[in-house]
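2 protein chains.
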Amino acid sequence: MPYGAPFLSVSSLRPDPVKHALSVTREQDFSAWYQAVITEADLAEESGVRGCMVIRPWGYGIWERIQKLLDERIKATGHENCYFPLFIPLSYFEKEAEHVDGFAKEMAVVTHHRLIQKDGKLVPDPDAKLEEPLVVRPTSETVIGAAFSRWVQSWRDLPVLINQWANVVRWEMRTRMFLRTTEFLWQEGHTAHASVDEALEETMKMLEVYRSFAEECVAMPVIAGEKPENERFPGAVATYSIEAMMQDGKALQAGTSHFLGTTFSAAQNIKFQNAEGQQELAQTTSWGMSTRMIGGLIMVHGDDDGLRVPPRVAPYQIVVVPMLRDNDEDAAIVDYCTDLVSQLNALDLFREPVRALLDKRPAKAATKRWGWVKKGAPIVIEVGGRDVAGGNVSVIRRDRLYREDGKLDSQIVAKADFVAAATSMLADIQQALFADAKGRLDSNIDSSISSLDALKAYFDASAKPGWALVQWSKPTGDALDKVVQWLKGEKLTLRNIPSDAAAADGACIFTGDTAVERVLVGRSY
Amino acid sequence: MPYGAPFLSVSSLRPDPVKHALSVTREQDFSAWYQAVITEADLAEESGVRGCMVIRPWGYGIWERIQKLLDERIKATGHENCYFPLFIPLSYFEKEAEHVDGFAKEMAVVTHHRLIQKDGKLVPDPDAKLEEPLVVRPTSETVIGAAFSRWVQSWRDLPVLINQWANVVRWEMRTRMFLRTTEFLWQEGHTAHASVDEALEETMKMLEVYRSFAEECVAMPVIAGEKPENERFPGAVATYSIEAMMQDGKALQAGTSHFLGTTFSAAQNIKFQNAEGQQELAQTTSWGMSTRMIGGLIMVHGDDDGLRVPPRVAPYQIVVVPMLRDNDEDAAIVDYCTDLVSQLNALDLFREPVRALLDKRPAKAATKRWGWVKKGAPIVIEVGGRDVAGGNVSVIRRDRLYREDGKLDSQIVAKADFVAAATSMLADIQQALFADAKGRLDSNIDSSISSLDALKAYFDASAKPGWALVQWSKPTGDALDKVVQWLKGEKLTLRNIPSDAAAADGACIFTGDTAVERVLVGRSY
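Residue numbers (the working numbering), protein chains in the order written: chain A, 1 to 525; chain B, 526 to 1050.
A hint or two may mislead.
Claimed, not checked - Some chain A residues near chain B, calculated using beta-carbon distances under 8 Å:
no., residue
1, Gly-78
2, Glu-80
3, Phe-93
4, Pro-124
5, Val-136
6, Trp-171
7, Leu-408
8, Ile-412
9, Ala-479
10, Leu-492
As the list claims (entries may be wrong) - Pairwise CB distance ranges, derived in the manner of DEER restraints:
no., chain 1, residue 1, chain 2, residue 2, range
11, A, Asp-339, B, Pro-887, 52 to 60 Å
12, B, Arg-681, A, Pro-353, 51 to 59 Å
13, A, Gln-153, B, Glu-589, 24 to 32 Å
14, A, Lys-482, B, Pro-878, 37 to 45 Å
15, B, Glu-723, A, Lys-121, 33 to 41 Å
16, A, Pro-353, B, Asp-1038, 53 to 61 Å
17, A, Lys-121, B, Asp-1003, 26 to 34 Å
18, A, Thr-338, B, Gly-1002, 33 to 41 Å
19, A, Asp-29, B, Glu-723, 38 to 46 Å
20, B, Gly-1014, A, Glu-72, 23 to 31 Å
21, B, Ala-952, A, Lys-364, 29 to 37 Å
Stated by the list, open to error - Anything over 12 Å on all C-beta distances counts as not near chain B; from chain A, calculated:
no., residue
22, Ser-47
23, Glu-64
24, Thr-111
25, Thr-182
26, Lys-205
27, Glu-215
28, Asp-248
29, Ala-366
30, Trp-370
Keep in mind the hints are simulated off the structure, nothing from the lab.
Please read these numbers as outputs of a predicted model, since none were measured by experiment.
For glycine and all other residues, C-beta sits at the position ideal for the given N, C-alpha and C.
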């Protein structure tokens, strides 16, 4: 699998003449590399609380960018933000059996509301036991459904289109930063509609919002499609996802949109009087995207020197590092850089001001440069005394870090020319990161596999295979279980049925029956 | 106590010829009026979960505005946002005895991580009991202190300046929407410094950020000052607050900034090597502002027709209501309004685009108008066929709803003139709401009271007294307890020692000793 840049071994400008900025490469150990990026880019760290992480400023800054840009798209499609309780009474879950089966095994349960001292230790006060335990929300269909049942009386009250930015908790046994944590941050949209058609339209509209957001803002190419029956959200009639390919070939489900039919409206009594005066159950949807997206961003765009953040979601797009020497020239360099940063911050890109930072921290310029390379700031500018004298700046593009000879590609450019070209360079980096990932995705989906032996061989042949797009007869129930079990034996999963896949024209790879559609198969996170 | 507008009884344009838009006035029952505003302005509602509310779109929209504007000021003063775990292990609390004494009595405790079915009901699984219970954060000093102890090694690592936007839980016995809820939303800043002076400077800087934010953005005049010893945050060396006066004369603590000294750095081992090579404990601070601010906004700016939202924090500043009649004229009216809204949204005010909304919902124009009056949109525009024909709009300013004769003050203005004047009108409304509240605050603080009898008489004389600013000797320990107990008997509390109060020049009203400063006394929320 191509990593974009070739694996290089020597550069006089790198922190070590043999190695990249990280101590482990993707090739050596993808999983250790992922963790190294998180640590070296200051994205997050273990918190000391089981399965929960601390999201550090650079990681949280990326999340704030994701929130801002996704929130704009959620609002532009007519949704309003609300906030619902963190705690959900057990009885709310008891109303929807299928939903609780899907979540009951992994929820945090609050049983007491006070602590007391006992033998010098703090313990839950037995006198403060809750009559009804409260669940820390793993998702909010039940508590939001209860609100919808109060809000919706007539067809005139529909549609209800709301969204919530919140923390949720799922008691995961094996956790991994950003990908699977006990607590995570997300947005969850919840809507109620008068008809199946309208609810399905909403489900697909938000799937498209996720697709375009992932591709346009995170520069992450994805495949949008319906999840097979066995991968549906507990209680959903249909679940749709966007699936992104990581650089190790595995799939990451990066956003889901669910058509819930009347599952939750029946459980929570979301009824309305239709135009004909009859009572009907509302059709509901829900859809979510989470901090998992940051894990995907790392595994799609990171390289052996750290993270590469697409400009649209970078907390800072251009970082200016003054090369100070504790001498008389320093003041002039800082002035020159301050002027540069203020010129850059006055520019607009993607209908927002450019985000440039002057890094004045008391540290060596080379340390700061490599720090920003590891963090993945799209453009790093260095300015020394000679640059000031010549009216220049030294420009490093994070997406093209090295020259063909393996040396760091630091270009000296006239300051005015850099300012004039800065926004188009940022737009170019955004585009280049997408094109790189898109090329990788497209060239690593094999659509030619038509037998289980060939499928097995495809995934056995490489440590980092891509995905297979295979024809199937869309089996259900026990027949589907059999397929899923066989795949499980090969450590494979069904990802989704791509919306834009070609029509089926052959036999089902699993059952031999006539195929009705094509489904993506891959390893996954 | 003046309410700004006189109590009016007749207007042909009001929904009822005798009453205001709300069914209860501030004068009749302030507490019921507060609840009526929350309901009628669609700010929030009971959730069905004990002590937790659902924040509805208009209420959450105000919170989003507060977040945005306060976040800008927090970042402009050098702080970065992070995210720390919701759950705090019990052992973290055990390290800081004073802190836990302040909070242990009101915390939600997670004891299990799984549910099982038993006799047809869901119950916590006895096999999934946590070895160490987890507390749902009531505030994050302990868990953030643990992170700081990892981050801080040398004086070069200081200061650490971070902030978190999060939900917190305190198990309150008596709850009241926005003012005291089991779960609430807030930001909590946490910083670590090398010296007492620097930490104190930070504490005061953030107090000033809160003061200027409250006054400039929420149009809420406040008194900033130090809280007396008995009102300190558990574990703090000094606590500062901003106090706002509600229209019933009570005080609302609207933001606090704490100098924590080494209380938490000692408990969490936040140590650094100073420039001389010696180990020192860091000096820490914390500071927070919450959704309580919305409760304050209601009680400072609301009137008998609902809420009045200052333009800077209004989700929509101008709402355009087309007066449609289901006839041929409608399309022209909608076009006219669409053009108006796009012209308004192209304007800038307070360095942001103006937020105008075209309300196209299928409801009667009068219903929509009164809905926006109750929500408190700063300007409501109505456009009918006659307005279109004349090139006009009908303008209602929410801060001046009625003419002197008691009729709704709806001014017909040329559309172009309104667009040209819109931003200055919004700025004027922002200023008028502040001036109104500032006049009320200033005229309702009595600085002349010098005996306990006079103090008692002042608060007994009126159902809605203001505050008293009295001289005192700043007693501590038992002597302070005695003062606090006496005040409690009168349902009074010490608010703060205003930073800008005149120097003391007499005797302490409580002890008769020589006074050293002046302290605010009042009823409070």
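Consistency of the hints with the structure:
no.: 1; hint: Gly-78; verdict: violated, 11 Å
no.: 2; hint: Glu-80; verdict: holds, 4 Å
no.: 3; hint: Phe-93; verdict: holds, 6 Å
no.: 4; hint: Pro-124; verdict: holds, 5 Å
no.: 5; hint: Val-136; verdict: holds, 7 Å
no.: 6; hint: Trp-171; verdict: holds, 4 Å
no.: 7; hint: Leu-408; verdict: violated, 26 Å
no.: 8; hint: Ile-412; verdict: violated, 31 Å
no.: 9; hint: Ala-479; verdict: violated, 29 Å
no.: 10; hint: Leu-492; verdict: violated, 29 Å
no.: 11; hint: Asp-339/A x Pro-887/B: 52 to 60 Å; verdict: holds, 55 Å
no.: 12; hint: Arg-681/B x Pro-353/A: 51 to 59 Å; verdict: violated, 31 Å
no.: 13; hint: Gln-153/A x Glu-589/B: 24 to 32 Å; verdict: holds, 27 Å
no.: 14; hint: Lys-482/A x Pro-878/B: 37 to 45 Å; verdict: violated, 57 Å
no.: 15; hint: Glu-723/B x Lys-121/A: 33 to 41 Å; verdict: holds, 36 Å
no.: 16; hint: Pro-353/A x Asp-1038/B: 53 to 61 Å; verdict: holds, 57 Å
no.: 17; hint: Lys-121/A x Asp-1003/B: 26 to 34 Å; verdict: holds, 31 Å
no.: 18; hint: Thr-338/A x Gly-1002/B: 33 to 41 Å; verdict: violated, 52 Å
no.: 19; hint: Asp-29/A x Glu-723/B: 38 to 46 Å; verdict: holds, 43 Å
no.: 20; hint: Gly-1014/B x Glu-72/A: 23 to 31 Å; verdict: violated, 54 Å
no.: 21; hint: Ala-952/B x Lys-364/A: 29 to 37 Å; verdict: violated, 48 Å
no.: 22; hint: Ser-47; verdict: violated, 5 Å
no.: 23; hint: Glu-64; verdict: violated, 7 Å
no.: 24; hint: Thr-111; verdict: violated, 5 Å
no.: 25; hint: Thr-182; verdict: violated, 8 Å
no.: 26; hint: Lys-205; verdict: holds, 19 Å
no.: 27; hint: Glu-215; verdict: holds, 26 Å
no.: 28; hint: Asp-248; verdict: holds, 27 Å
no.: 29; hint: Ala-366; verdict: holds, 17 Å
no.: 30; hint: Trp-370; verdict: holds, 17 Å
Of the hints listed earlier, those the structure fails to meet are numbers 1, 7, 8, 9, 10, 12, 14, 18, 20, 21, 22, 23, 24 and 25, in rising order.
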